[in-house]
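Asks: Residue numbering for the sequence shown follows the working numbering, starting at 329 and increasing by one per position.
No incorrect hints appear here.
In the DSSO-like style, the derived pairs of lysine-lysine whose C-alpha atoms are separated by at most 30 Å in a straight line are:
#1 414 - 379
#2 342 - 374
#3 374 - 355
#4 453 - 423
#5 414 - 452
#6 379 - 393
#7 393 - 330
#8 330 - 343
#9 414 - 374
#10 430 - 452
#11 374 - 330
#12 342 - 393
#13 415 - 393
#14 430 - 415
#15 423 - 452
#16 374 - 393
#17 452 - 415
#18 374 - 415
#19 414 - 430
#20 343 - 374
#21 415 - 379
#22 342 - 379
#23 343 - 415
#24 414 - 453
#25 414 - 393
FYI, nobody ran anything at the bench for these hints, they're computed from the structure. None of the values given here were measured: they were computed from a predicted structure.
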Amino acid sequence: MKINQVEELVGITKKNIRFYEDQGLIKPERDPENRYREYSMGDVEKLLRIKLLRQLDVPCETIRKVTNGELSLDSCMAGHMDVLSKKQTDLEHAKEICGRLKDEVNNLTDLNASGYLEEMERLKKGGAHFMNIQKYDVKKTRTGAIIAAIVFIAIMIGLVAAVIWGQIMEPMPIGLFIFIEAIPLAVIIGVIIALVQRINELKGGEYDEARKY
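Taking the hints into account, I'd like the entire structure generated from these sequences.
Replies: Shown next as structure tokens:
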């Protein structure tokens with residue numbers, strides 16, 4: 329069957345299905361004539377199992393180990409229950425602090441954040457985990473940079489197309505045409521290079537020293 333049929337049967341998107349293929353969790357057969365993927369009911373059953381485990385927040389790497397026989401399902405579930413119990417404890421810590429903030433502080437300007445942060449640091453030393461705000465902020469910044477670059481590149485591509493259309497309608501000297509076209513193309517290349525550098529900076533922990541929460 330084709331991927332559209334699988335998408336309907338399993339209830340997950342084609343993008344997710346492709347992702348699970350890339351992760352090696354399913355390996356559909358290929359049509360020998362056109363090399364198109366041919367999914368079987370066995371693949372559908374595998375995807376349903378993956379969907380179940382992912383909705384339980386089991387990581388793909390762990391699912392891969394279970395799929396490959398490196399880890400039994402009962403061991404997987406036992407280990408994941410420990411992880412969930414730890415997350416539940418962390419949520420209880422956060423919930424308790426939120427409750428105290430609600431009861432003890434009326435206005436943000438009255439909030440003595442230092443005392444609460446010190447308490448949270450003590451809890452972290454005991455094994456607790458709280459939201460990694462630094463990781464979240466960096467991800468948000470990276471997404472914003474990518475969106476801005478895509479929009480700007482789209483504008484430059486539109487400008488290139490407009491110049492080409494103008495050249496067709498009313499030709500200009502070829503040298504001038506090449507010069508005008510080269511400007512937006514150079515800008516596009518520059519934006520792409522800058523975006524790659526920006527992403528690498530963020531991956532490299534540019535904010536590690538500037539944002540120590």
